[in-house]
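**Student:** One-letter residues, chain by chain:
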Amino acid sequence: MTLQIIVFIVIALFIGVCSVLSVTTSRILRAATYLLFVLFGTAAIYFQLNYAFLGAVQLLIYAGGITVLYVFSILLTSAQGDKAEKLKNSKVAAGFLSTLAGLGICLFVILKNDFIEPSFQPGELDVKTIGYTLMGMEKYQYVLPFEVISILLLACIVGGVMIARKR
Amino acid sequence: MEYTILILLLPFLSFLVLGLAGMYMKSKVAGIIGTISLATVACLSYYTAFSYFTGARNAEGVYPTITAWNFNWLPFSSNLSIDFGFMIDPISVMMLVVISTVSLMVHIYSFGYMHGEKGFQRYYAFLSLFTMSMLGLVVATNIFQMYIFWELVGVSSYLLIGFYYTKDAAIAASKKAFIVTRFADLGFLIGILIYGYYAGTFSFTPQVNALINAGFLIPLALGLMFIGGAGKSAMFPLHIWLPDAMEGPTPVSALIHAATMVVAGVYLVARMFPLYVGYAPDVLHWIAYIAAFTAFYAASVACVQSDIKRVLAFSTISQIGFMMVALGVCTSINPHEGGLGYMASMFHLFTHAMFKALLFLGAGCIIHAVHTNEMSGMGGLRKHMPITHITFLIGCLAIAGIWPFSGFFSKDEILTACFEFSPVMGYIMTAIAGMTAFYMFRLYYGIFWGTPYNKKPNYNPNVHPHECSLSMTIPLMVLAGITCVAGFIPFGHLVSSNGEAYTIHLDTTVMITSLCVAITSILIATWMYAGDKQPVAAMLAKQFKGLHKAAYNRFYLDEIWIFITKKIIFRCISTPIAWFDRHVIDQFFNFTAWGTNAAGEEIRGMQSGNVQQYCMWFLAGSLILTLILIL
Amino acid sequence: MVPMEYYLILSTFMMFVGIYGFFTRKNILAILISVELILNSVDINFAVFNRFLFPDKLEGHFFALFAIGVSAAETAVAIAIIINIYRNIRNIQIKNINEMKG
Chain L
1 MTLQIIVFIV IALFIGVCSV LSVTTSRILR AATYLLFVLF GTAAIYFQLN
51 YAFLGAVQLL IYAGGITVLY VFSILLTSAQ GDKAEKLKNS KVAAGFLSTL
101 AGLGICLFVI LKNDFIEPSF QPGELDVKTI GYTLMGMEKY QYVLPFEVIS
151 ILLLACIVGG VMIARKR
Chain Z
1001 MEYTILILLL PFLSFLVLGL AGMYMKSKVA GIIGTISLAT VACLSYYTAF
1051 SYFTGARNAE GVYPTITAWN FNWLPFSSNL SIDFGFMIDP ISVMMLVVIS
1101 TVSLMVHIYS FGYMHGEKGF QRYYAFLSLF TMSMLGLVVA TNIFQMYIFW
1151 ELVGVSSYLL IGFYYTKDAA IAASKKAFIV TRFADLGFLI GILIYGYYAG
1201 TFSFTPQVNA LINAGFLIPL ALGLMFIGGA GKSAMFPLHI WLPDAMEGPT
1251 PVSALIHAAT MVVAGVYLVA RMFPLYVGYA PDVLHWIAYI AAFTAFYAAS
1301 VACVQSDIKR VLAFSTISQI GFMMVALGVC TSINPHEGGL GYMASMFHLF
1351 THAMFKALLF LGAGCIIHAV HTNEMSGMGG LRKHMPITHI TFLIGCLAIA
1401 GIWPFSGFFS KDEILTACFE FSPVMGYIMT AIAGMTAFYM FRLYYGIFWG
1451 TPYNKKPNYN PNVHPHECSL SMTIPLMVLA GITCVAGFIP FGHLVSSNGE
1501 AYTIHLDTTV MITSLCVAIT SILIATWMYA GDKQPVAAML AKQFKGLHKA
1551 AYNRFYLDEI WIFITKKIIF RCISTPIAWF DRHVIDQFFN FTAWGTNAAG
1601 EEIRGMQSGN VQQYCMWFLA GSLILTLILI L
Chain G
2001 MVPMEYYLIL STFMMFVGIY GFFTRKNILA ILISVELILN SVDINFAVFN
2051 RFLFPDKLEG HFFALFAIGV SAAETAVAIA IIINIYRNIR NIQIKNINEM
2101 KG
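Residue numbers (our numbering), protein chains in the order written: chain L, 1 to 167; chain Z, 1001 to 1631; chain G, 2001 to 2102.
Calculated from the structure, these hints are not laboratory results. Mixed in with the good hints there might be a few duds.
Below, simulated BS3-like cross-link-like pairs (lysine-lysine); rule was C-alpha separation at most 27 Å, straight line [unchecked claim]:
1) Z/1118 with Z/1167
2) L/88 with G/2026
3) L/91 with G/2026
Computed beta-carbon distance windows for the label pairs [stated by the list, open to error]:
4) G/2001 with L/126: 18 to 24 Å
5) L/115 with Z/1631: 50 to 56 Å
6) G/2070 with L/101: 27 to 33 Å
7) L/155 with G/2096: 25 to 31 Å
8) L/150 with Z/1604: 44 to 50 Å
9) Z/1600 with L/17: 53 to 59 Å
10) G/2090 with L/17: 30 to 36 Å
Predicted, not measured: the structure shown is a model, and the values here were computed from it. Every residue gets a Cβ at the ideal spot worked out from N, C-alpha and C, and that includes glycine.
I would like the entire structure built from these sequences, with the hints used as guidance.
**Tutor:** Quick look at the structure:
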């Protein structure tokens, strides 16, 4: 068992526990906090895959931006504090069962499937390459989606302001 | 000849105006509008007739058949289409004149008769509608247009018979008329469809080849069409609606049941006459037998009725029977060789329309004066109503067939045609003609002679008979005038079976026989009914009590129909069908509705608006699909 | 090195945990958090497939990158809507918003 596997298992356990806690805790603010931990864990996975840039983006946008947004909205909408939720047993059971079935089927498919030969080449992805790929206009280069995303974000800013604005 | 469109359009417009806006105008204005439009139509008809009959004949000496205008309404194939047009030929022109004349007289007469009635405007609107439909019927260029107007005639007669819609009897009579004629029209429609399918056209002049190829189906179609005609023309046993239809206002009876609607069947047979003679002579002779029986039956019933309008109604049935017989005894299209009956029938149609309208309008005057239909409330009225008396007498003489009144000429032609066909038929018809004279004079003496009305046991002291107003007597005088001179019209020159001019020559034997019979009958009637006391009639009624009662009850034909419909049709056919409908069909649909409802109730729970539930179903569905794919 | 299946198992687990949360939570914000979990697991898959199966290309990498951006946008709009709902009906329980028109 290599060190990498040990690190992965630690990260995986961390992510798994935190994600389960995030959907089962009865306090909404805690759920947001566990989500933050899950996102940190995901960033760690990216680092382990040697996608440092992706991990950084994950930390910046997800952990830094979105979670803060969540916390603020929770504080805005839960005036009486984080109220405990009573869940209906039947609903939980139905959700649990269907989820379990889905998990089983998906795992079955994944493990049964013959992927093309996986190969892991260690080595950091060059930021310069990322920059060129992101801004290039050739095949397998992504300036157009980049621009589309920028417009999408603009639209979201405008839409968010429009919707949330006091009338 | 585009102006002829006005003949149909004017009555229709006046129907629309009076029907929609009638209630906002004074009744007098409404009447004047209806009468003026009808007068215009009558003038146009006379002009059409004059210009047509004075116009040129074609090379064979036949008046040409003119289609004044025609447009293709529903084309089905290159040959088969439903057209809408205006056909001018001798019989349609003759009918135009008859209908517009009688209708105009009725319009004028109604001013007096319907004065102060509730719904005066509605009455004129219906009259206009009826006239329009009848005119459309006679000028139809094809049999389907004829059928459309035929049904319109049925509807408008229903409206007119049921004019006093607060009277139960009137409602029942209108329903009866409508249902019976509609029932007969079913045969007509089937006949038209068979004819249209096999002849490949709805026109009156189909391809000869198609008819020959169709074999027995063309006689079948023609026979079925005659059923429709029998319904409208009150042939036995579909005549039962006509006596009851007397519940309508009397001018309506004059218009519908004397002059126009009831001759629609005769007109239909005459219109299809070349086909009947050429392809279905047997059907034509059956028509003659049925019509002869009808004429006899109606005449015998008319001899004992006490309601004057019913006597006239049965006499109408009998006279329609004469016309049908005349058509039915034809054996060829040539008037010199067995085709005389066609001309005779049309001639009788023409003269009968005039004198029967006269008789009905006269009866209306009498009813107006004494406020009853029953002969027991009349008698000795000749001094009180001189004009009505004279005109009514002229009508009676005409229908009895006395020279020089019009009925004499047309009836003689019919009898001649019958004798040409077979002597038996001729003698039978002569006998029926004698019965006609008898019952008409029984009626005449019962009204104008005999015990005066104020000496009868059920004398109503409020009744003061008097001559009617001018608007009612003028039509009587006009119609009486026509009746006096119509016999001298050279009718054979205008209308004959093959279109060639035919000079009417009276057969001396037939003429003398029928005159003798008529005069004898009149004398018998005079002997029996003219006096104050009527011992002979009472004695006869007592002697043949059963026969008298049966005839008075119209030989129980209505009861037979009631029995057939109620006991046989309703019980044996309708009841099981109703049961089937209620328990099988309805239950099936109830079950469907219940199933849909129950399924909806079940599904409703899923449409909760709860996104989480939707997603769960979605996941379940996608999982099932995945499973199906991987397994 | 870590076998690829390990990563896939992790991401699948995470995804179904997110789905479970989506099914059972009552607070709309909590549901949104579950959605973030699902998206996150998909991002991991993109990165993993890119790294293991097509190491000399960058499609998965960029797809994950853009997905992060899109999810940020989605979250922003969703939270704006939630705040609007809160302003209208004074709570954000899912059972109270099953009518389309308030």
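**Student:** What are the numbers of the hints the structure violates, in ascending order?
**Tutor:** 5 and 9
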